[in-house]
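Protein sequence lines correspond, in order, to chains A and B.
First residue of the first sequence? That's 1 in the working numbering, and the numbers climb one at a time after it.
First residue of the second sequence? That's 1 in the working numbering, and the numbers climb one at a time after it.
Quick caveat, the hints were computed from the structure, so don't treat them as lab data.
Given the structure is predicted, the values throughout are model-derived calculations rather than measurements.
Glycine included, each C-beta is placed from N, C-alpha and C at the ideal position.
Worth double-checking, as some hints may not be accurate.
What the hints assert, rightly or not - Some chain A residues well away from chain B (every beta-carbon gap over 12 Å; in silico):
no.: 1; residue: G21
no.: 2; residue: R130
no.: 3; residue: R173
no.: 4; residue: R203
no.: 5; residue: A296
no.: 6; residue: E367
Stated by the list, open to error - Covered stretches of chain A (in silico footprint by chain B; criterion: 3 or more residues with CB under 8 Å from a CB of chain B, positions within the stretch not fixed):
no.: 7; stretch: 52 to 66
no.: 8; stretch: 78 to 84
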Amino acid sequence: MSAVTLRKVFKRFGPVEVVHGIDLSINAREFVVLVGPSGCGKSTTLRMVAGLEEVSDGTIEIGGRVVNEVAPKDRDVAMVFQNYALYPHLNVAENIAFGLRLRRIKKDIITASVNDVAATLGLSELLHRRPADLSGGQRQRVAMGRAIVRQPQVFLFDEPLSNLDAKLRTQMRAEIKRLHRRLDATSIYVTHDQVEAMTLADRIVVMSDGNIEQIGTPMELFLNPINTFVAGFLGSPPMNQLEATVSYADGGPIAKVGSDIAIPLPELRQLRNAEGHPIIVGIRPEDTAVERNGAANAAGIKCDLDLVEPLGSEALVHVSVADHPVVLKTETRGAISHLSDVQEFFVQPDHIKVFDQKTGLALDHPEVA
Amino acid sequence: MTETVSQQGVRDAPTTGKFEARVRWLVRHFRKEWQIYVLMAPMIIWFLLFLYKPMYGLQIAFKDFSIFRGIEGSPWIGLEHFQTLLGNDQFFRAVGNTFIIAFLSLAFAFPVPIILALMFNEIHHRIFKKMAQTIVYLPHFISVVIIAGIVINMFSPSTGVVNNVMGMLGLEQVYFLVQPEWFRPIFIGSNIWKEAGFESIIYLAAIAGVSPTLYESARVDGATRWQMMWRITLPSIFPTIVIMFIIRVGNLVDVGFEYILLLYQPATYQTGDVINTFIYRQGLQGAQYDMAAAAGLFNAVVALVLVTAANALSRRVSRTSLW
Ligand SMILES: Nc1ncnc2c1ncn2[C@@H]1O[C@H](COP(=O)(O)OP(=O)(O)O)[C@@H](O)[C@H]1O
Ligand SMILES: [Mg+2]
Numbered sequence: 001m002s003a004v005t006l007r008k009v010f011k012r013f014g015p016v017e018v019v020h021g022i023d024l025s026i027n028a029r030e031f032v033v034l035v036g037p038s039g040c041g042k043s044t045t046l047r048m049v050a051g052l053e054e055v056s057d058g059t060i061e062i063g064g065r066v067v068n069e070v071a072p073k074d075r076d077v078a079m080v081f082q083n084y085a086l087y088p089h090l091n092v093a094e095n096i097a098f099g100l101r102l103r104r105i106k107k108d109i110i111t112a113s114v115n116d117v118a119a120t121l122g123l124s125e126l127l128h129r130r131p132a133d134l135s136g137g138q139r140q141r142v143a144m145g146r147a148i149v150r151q152p153q154v155f156l157f158d159e160p161l162s163n164l165d166a167k168l169r170t171q172m173r174a175e176i177k178r179l180h181r182r183l184d185a186t187s188i189y190v191t192h193d194q195v196e197a198m199t200l201a202d203r204i205v206v207m208s209d210g211n212i213e214q215i216g217t218p219m220e221l222f223l224n225p226i227n228t229f230v231a232g233f234l235g236s237p238p239m240n241q242l243e244a245t246v247s248y249a250d251g252g253p254i255a256k257v258g259s260d261i262a263i264p265l266p267e268l269r270q271l272r273n274a275e276g277h278p279i280i281v282g283i284r285p286e287d288t289a290v291e292r293n294g295a296a297n298a299a300g301i302k303c304d305l306d307l308v309e310p311l312g313s314e315a316l317v318h319v320s321v322a323d324h325p326v327v328l329k330t331e332t333r334g335a336i337s338h339l340s341d342v343q344e345f346f347v348q349p350d351h352i353k354v355f356d357q358k359t360g361l362a363l364d365h366p367e368v369a
Numbered sequence: 001m002t003e004t005v006s007q008q009g010v011r012d013a014p015t016t017g018k019f020e021a022r023v024r025w026l027v028r029h030f031r032k033e034w035q036i037y038v039l040m041a042p043m044i045i046w047f048l049l050f051l052y053k054p055m056y057g058l059q060i061a062f063k064d065f066s067i068f069r070g071i072e073g074s075p076w077i078g079l080e081h082f083q084t085l086l087g088n089d090q091f092f093r094a095v096g097n098t099f100i101i102a103f104l105s106l107a108f109a110f111p112v113p114i115i116l117a118l119m120f121n122e123i124h125h126r127i128f129k130k131m132a133q134t135i136v137y138l139p140h141f142i143s144v145v146i147i148a149g150i151v152i153n154m155f156s157p158s159t160g161v162v163n164n165v166m167g168m169l170g171l172e173q174v175y176f177l178v179q180p181e182w183f184r185p186i187f188i189g190s191n192i193w194k195e196a197g198f199e200s201i202i203y204l205a206a207i208a209g210v211s212p213t214l215y216e217s218a219r220v221d222g223a224t225r226w227q228m229m230w231r232i233t234l235p236s237i238f239p240t241i242v243i244m245f246i247i248r249v250g251n252l253v254d255v256g257f258e259y260i261l262l263l264y265q266p267a268t269y270q271t272g273d274v275i276n277t278f279i280y281r282q283g284l285q286g287a288q289y290d291m292a293a294a295a296g297l298f299n300a301v302v303a304l305v306l307v308t309a310a311n312a313l314s315r316r317v318s319r320t321s322l323w
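Please construct the entire structure, taking both the sequences and the accompanying hints into account.
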């Protein structure tokens, strides 16, 4: 299994630059997810690793070898496409065997490998069907099988689950994770779905507009987003962001939102002597509570109730704080009647994130400070 | 949207039940979907007028027809014309020639546009590609009369390019167009030159419909361009090839009759006279309309049998069929 390293990689389509010099180093056996909004250059980056797009500038290394000039077939990578790219005229077994047959591998070895992979993916009964006679999930599996059977150094996935319905997506997600644990191969996985990123990744790479915003484990990114973009991208619902200014009360820093709302802030070095500094207050919906529940240092924040969305065991409460919309997430165990008269919610100051309004960067992030 | 509505409508048709219910359904259907029938009308009228109405005249194949008595007034004589035809050596020769030319065309002319399309698909230089395509499409737009003129000139014994070149190489000159053994190669070869380019458009369109990710996936899997052509492009356009083949078999006995008429002469009847030219000589030049109609009917029945057989065969073998 090989490491993959991108150094100052640029991609230009004619005069338009879509990837602006990204650096990324992926360890052998690591599962890295590139995540970001549509059009941010994830697929382009992945296709450069595959060799389907040329690198405009910079270098890409696979297993320590610069592959900029190496043809896709000689990079020892396998790719799974969003639309599966199955050959409609071949049956499942032939589709899986395609890459091996191109390499003129012996027939009995091919048959053995195909049967092996089909068993792993639960396709053994379907080997003689054509793609047209398969369900979406089965096609997906065949596409995976075609990649696995080649035993490549690196797996590349471009939104492989996007064409599936929500239920199947959850199921296949777990299956991919299991598969990775078993195969232990370096994988680069592209998605715009932050849930997929959070659940699958060893490390997540958040991209926007052709740049990398932040790289880290799912928990690092969730707990310590480097900027408002990452904070707003990960988590569902995403982190609430309130524009405010720094002020002080009772010897501690507070955020003033509108004219009469004050939110106590964590004691940060960067918040000393910062009276009037414009900031963004970040509050995760999960970190809020509608009752104090004995948490003495939790601050109460006045709000106006807008809407309650029951989700079963929990509920989303949409409120507004000084005319800024805020979403609270609360466990209900089915009882939601008490939510209809919410006027205040509680949050621990230590759970609050503070961002600079101008740069969008987190004030206390180690990489920023 | 209209299409889904109409499909919906047809699916709703009562399959069982009373006659009355069906009539009511039909009335409702027409009231809702009349626009579609208006759109279809010109084509249907054209078919009725130019393909179905003339069938009325086919009956003269079984009558002793004369223009003075008219179709109605001519007496029935049964299969007499067919008996005469089957006893006619010229007719037999024409049937044989038709099939030989048809099958040689199928064998040599049918694959050429496919090969051309595959080759065009591999040209990536835009300007060169456009130029090459224009050059091979061009002959299609030239009238067959002019094509025949060009061919006759090219193969002329005294001034033709072919004979001049042969002369320079020290070969003996040949008057190709009066040699029966040269008629078929020249006819089929020049037909390929005229039509192959234009026919390749259909295959190019089919190739354009192949999903580009199939090629990308194959590239990552290690396919060379040659392998991609054999293992992706060709199988992907195979249904189109089959459909074109069935259509071609249906038109098999038609063998470009105007062109033969322009190219052949009594010296080459032996290899060039086909059913349609035979009909032309019997019917229009010899005024034996009833005999010509019988030969024409024979031709049509053969065509029907061929296309039905080809369709059935293809449905069984390749799961693709015209109907
Ligand atoms: N072949 C191309 N030519 C020109 N622009 C392209 C091409 N492929 C992608 N782009 C542009 O590059 C940007 C990034 O695309 P892509 O990598 O597909 O984004 P995503 O993150 O959604 O996968 C988009 O703005 C897209 O329009
Ligand atoms: Mg994409």
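Minimum Cβ distance from A/R203 to chain B greater than 12 Å, as the annotation requires: 24 Å, holds
Least C-beta distance between A/E367 and chain B, which was stated to exceed 12 Å: It holds; A/E367 is separated from chain B by about 35 Å at its closest Cβ, greater than 12 Å.
How about the stretch 78 to 84 of chain A: do at least three of its residues have a C-beta closer than 8 Å to a C-beta of chain B? Three-residue rule met by the stretch 78 to 84 of chain A, so holds; n is 4.
12 Å cut-off, C-beta based - A/G21 kept clear of every residue in chain B: 25 Å, holds
Taking the shortest Cβ-to-Cβ distance between A/R130 and chain B, state whether it exceeds 12 Å. The claim is violated: A/R130 sits with its nearest Cβ about 9 Å from chain B, within 12 Å.
With a cut-off of 8 Å between beta carbons, are at least three residues of the stretch 52 to 66 of chain A near chain B? violated (count 1)
Verify that the Cβ of A/R173 lies farther than 12 Å from every Cβ atom of chain B, and report whether the claim holds or is violated. 22 Å, holds
Could you check that no beta carbon of chain B comes within 12 Å of the beta carbon of A/A296? 59 Å, holds
Consistency note: the structure conflicts with the earlier hints numbered 2, 7.
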